[in-house]
Every structure is written in C-alpha cells, then in structure tokens.
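Asks: Position chain L relative to chain G; hints supplied.
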Amino acid sequence: MIRAAAALALAAALGLPLLLRGSYALHLLVLSAIWALLALSFNIVAGYRGLLSLVHSSFFAIGAYGSGLATLRLGIPFWVALPLAGLAGIASALAIGYVLLRLPVHAFIIATVAVSVILTLVMTNWVELTQGPMGLSGVMPPRLTLGPLDVDFSDRVAYYYLALAVLLAFVVVERLFVRSRFGRACMALRENPTLAVAHGLSPLRHGLIAFALGAAGAGLAGSLYAHYMSVVSPELSTFVYMTLLVVMVVVGGRATLAGPLLGAVLFIFLPEYLRLTRGYRDSAIGLTLMLTVRFFPNGVVGTLREWLQPALRPAPDAPAADEQVANHAAAGSPEPQ
Amino acid sequence: MVDFLQYTVSGLIMGLLYGLIGIGLTVIYGMMKIVNIAHGEFLMLGAYLLFTFAIALEIGFFPGIALALVVTLVASFAVYHVYVRYFVARPIITTTLATLGLAFFLRNLVLLVWGPLPRAIPTPFGVGAITVVGVSVSYMSAFALAVTVAVMVLGQVLLLATRMGKAMRATFQNREVATLVGVDTDRIYSVTFAVGAGLAALGGILIAPIYSISPDMGTLAAMKSWAVTILGGMGSLPGALLAGLVIGLAESLAAGYVSSAYKEGIGFLVVIAVLLYKPEGFLGTRGRD
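As given, the protein sequences belong to chains G and L, one line each in that order.
Counting with the working numbering, you get residues 1000 to 1336 for the letters of the first sequence.
Counting with the working numbering, you get residues 479 to 767 for the letters of the second sequence.
Check the hints yourself; a few may be wrong.
Okay, the calculated bits of chain L under chain G, using three or more residues with CB under 8 Å as the criterion [claimed, not checked]:
#1 488-496
#2 566-576
#3 654-660
#4 698-711
#5 741-749
Please keep in mind that the hints were generated in silico from the structure rather than gathered at the bench.
Computed from a predicted structure; not experimentally measured.
We put the beta carbon where it would ideally sit given N, CA and C, even for glycine.
So that you can see chain G by itself, here it is in the shape it has in the complex:
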C-alpha cells in the first residue's frame, strides 16, 4: 500500500506540470520541490538524528549565496556551482557542528540559533561580498546545451523538472540513509543515547555526519532557490524561514520520508489558496505548530502510520521516550547527545 501511494505521488509529481497550465500554480510547484528538498534535508538532522538544529536555514542561505556568487563573480557555470553549494553546506556544517555538537542537548539548540544569528549578521553587514540587505540580484537560471539538446531553464516547466530531479536523488539518498547501519545508529542515539553510547556509538561523529548530510541537501536547495528566484537576500537565513521549515517537517511528520514532502507542498500551496495576508499567515503557522505539537506530535504521516499499523514500534515522541528522559533526570546522569 505504501508502495502504491509512493508510485501515485511520483506520477503526480511528474505529471502535474502538464495538467497545471496556470503559471502561478507552476511557480508554487517549483517552490514546493525546492522546499521539499530543504525539509527532507532538515529531517535527517531533526527527525532521524533527533537534534533540533535551528541553524539549518543558514545552510540554505549559504548554498544560495555560494552558488549565486560563484556564477556572478567567478563566472562558474551553474552545473558546477550546484554541487559546490552542496559542498559549501557540508563545509560549514562540519565547522559549526564540530563546536556545537559537544554541548549538552538544550545548549546545543540555543547555540544553533545563536550561530544562525551571527551568520545572518555577516550576510547583512559584509556589503562588499553580499551586497548587504539588498541582496544579490541577477542570478541567472542555467541553460543546457548538449549537442542537439538545448534546454533553457528560465522556462518554469523545465526548472521544475530540474528541481524534481535533485529532489528525487535526495529522496533516494535519504532512503539509503534510513536503511543503512549508520542511519539506524543515528536513530539509536536519538532513542536512547546512554544505551547507544554504551554500544560504542559516537554522538559526536554520528551527529557530525548527519549534520553534514543535512547541510548538503540544504546547500543544494539554496542553489536551486537562488537560480530560480534570481535574488538572494539575508532573509533566507532568518528565523522566519527556519520556523517555516520546522513547521513543514513537524506537521508533515518527523522521521518519515513522506512527511517533509507533504509538509512542504501543504505549506507552500495552502497559504496562497487561502488568500491569507502575511500577518495572519504567520500567526496561523505558529498556531498550527502549537496545536500539532500538543495533539499530534508525530505529524500527519506519523499519526496515519499509528492508526494504520498500531502494532508498529513507538515513534520518536511516544511515552517510552519520555520515560527515558525521566530516568535520566532521576539517575542524575548527564544527557549525552
């Protein structure tokens, strides 16, 4: 049944641009694909590894600036700049993670916010490089010429398939991650850090690799975003983008593959079609997150999974995890990551 649903979703993703002819709907579709990639990358860190890293939107911004600057200033072609943006994400994640992943869990969360503020300040104030709050403009969509093949990606349909291709590649990577020994180790560290460490898993090493993998996806998403919107501003790194990202993953379903994809599509399309102004939209997003965490902490996909397969092992937020935390507190032991 899950296979059937996945096949249906894939068919819809491939076929929708042919059905949707309105250019605004196509625009939202491209944005959904990019945000889905970003949400999926955040899910590796926050969902599977269980680390609430609130610096993720900064990796998105770093990818966008990196790719934009590489093509504008250095004349590097997009096809090189795209993987470079992923690498920029990895490099920043390794540097930041190496420091922050040593902190206790709660301090880690706050420190990620802190780093994202510093990065936003740098993007805003280093005017010679980033053109400050104005942002980079004129980042061009690529054009692919291979023999008889000539695709101009300033066409929205073409750009959608480009973004979709990168997204699908990342879905495959994330699925491999979830199935791998390494992915299971990450989930073990999330579920019961003490036991996992006792089995020889390293919170720092596994955290760092998961952090870097997530940042790679965020960097790629940033590059795709930059060359689609043609503008990059420090806003991408801010708390507003970060919160939207959190809402997509949490409402869709943490630590599931379908959840972040669903969340991204939902939160790109719904506010537009509900015709909400920004103030009401953002209040509604905050309220949605509050209600979801309160009543359906496993999100849409996680909750559906519980209903359909009640015998399944408890999801990340089930009472079992609570008891572990309580046990930590009672034993007075540190809560390692």
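Replies: What follows is chain L alone, placed relative to chain G:
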C-alpha cells in the same frame, strides 16, 4: 580613559538588564526543563503593553508600567494553564518545538495588533543625565538600574523567606521528592512560568524607552537572554547575572572600540569561546539533567 569608563559603565548597566532577562529564562529552564523560545516575545509584549497604556491610552508612565506587568503576568499564567503545562518533563525536542510555535504565534500576533513600525516611548525623565567625572548615565538608565537591583533583591528575599519560595527551591532541587512532601508542583510551575515571563516583560519595559520598540526587538533580546543563560550555566541564577554583566561589558567595549555593526553577535562569540573550554557555562554543573 573617560571613553573606557563610559563604555564600562554603560556596558555594566545593560549587562544588569541582560542578567534580569536571563534570570527569567533560566528559572523556567531550571524548574521545568523547558527552553522557552518565546521568552523574547514576552519581553516584546511587555514593551508594547507599556506603549499602549502609557502613550496610546495616556494613563501615565508609572501606572503604565504597573499595568503592563500585571497584564503580562496574567497572560503568561493563562498560557501556562492552557498550553505549557502539557509539556513539563517531556523530551527537550518536544518542549522546544512547543515554545517555538508559541514564539512565532505571539510575534505575529504583536505584528497584527501593533503593526510593523518602530515606536518610541518618551519618559517623564526627559533627556537629562547624571554626570560623574565625565561618565554620564541618563536618568532613564539610572531608573532601569535601580528597578533591576530592587527586583533582584526582592526576588532573593521572597525566595528565601516565603513558604512559596521554599517550595520553589525544593522543586528546583528535586521534583520527585518535593512532590512526595506535598508540594503542588503544577502550582509552582505556573508561578515560575509567570515570574519568568514577567521578568522578560520587565526587561522589555525598561529597555523600551532607552531604545525604541519594534516587532524585531523580541528576537534580538531573546538571543541576548539565551546567550546569558548558556554562558551562566543553564538553570543557575547567579550564573545568569554574572554572564549578563560579562556580555553587556563585552558588547559595549566591542561597539566602542571595534565596530557597532556586529555588536549583536559579540555576546555569542563570547559564549562560543567560553563553551569550547567549559561546556557547562560559568556556574552550571555537569549532569544536572
């Protein structure tokens, strides 16, 4: 030399305010193990309520302060009872997501109610300043300093001398045992949350006339209070005060001698530098949780 003294004095006064706001955050964390991402939003709420009462409704500056504080206390008490209480002792990722949602909701609510334009709150003190050996402190800053010190002393006295204070200290040390001896922890938590949010609001009220108020002030102030809390050691009240002073001083000196563009980031650089060597902060204990 006079410059240096001026930066030091201004930095220490700001630092004391950071300490006050940070204590509000750290007391909630210490008691309930909840990282309140919405701390800055309560601060902003206090400042905007002061604006509404003192300027828009013209009830006067000091009655405005009192009313703004009372309204924030009642509001945060209500927020605890309808929402926050369900997250006590849940995993840290759940509680943080919960307060993140609350923060985003409150911030945009403020934006909807009061609009995006920055506003100024004139004080009855005018623009005068006290000047001693070339170092000047505006009357408003002096007032903020006096209130901050008074509230800290009062808080310490209440914590040590009242039954409620004793119950709070007991819960702080060991929740299970406190429950065993008959402490109503739900009540303690509701008071703690209201006091924490109230301290944030007071910080916002005291800062508002010095700068101006805008829907962004919550984020920046929250960052400061987080920096203070981590640096001081999560859950340590004296640590928060010490860290507030250190960060206030570092910011003021950096803004004076280096560049004011990165002033907001300086505190965090200090935090990261200290945490590299002492991950539990100044006065935190390893393995409290």
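Asks: Tell me, which hint numbers fail for this structure?
Replies: Hints 1 and 3 are the ones this structure does not satisfy, whereas the remaining hints hold.
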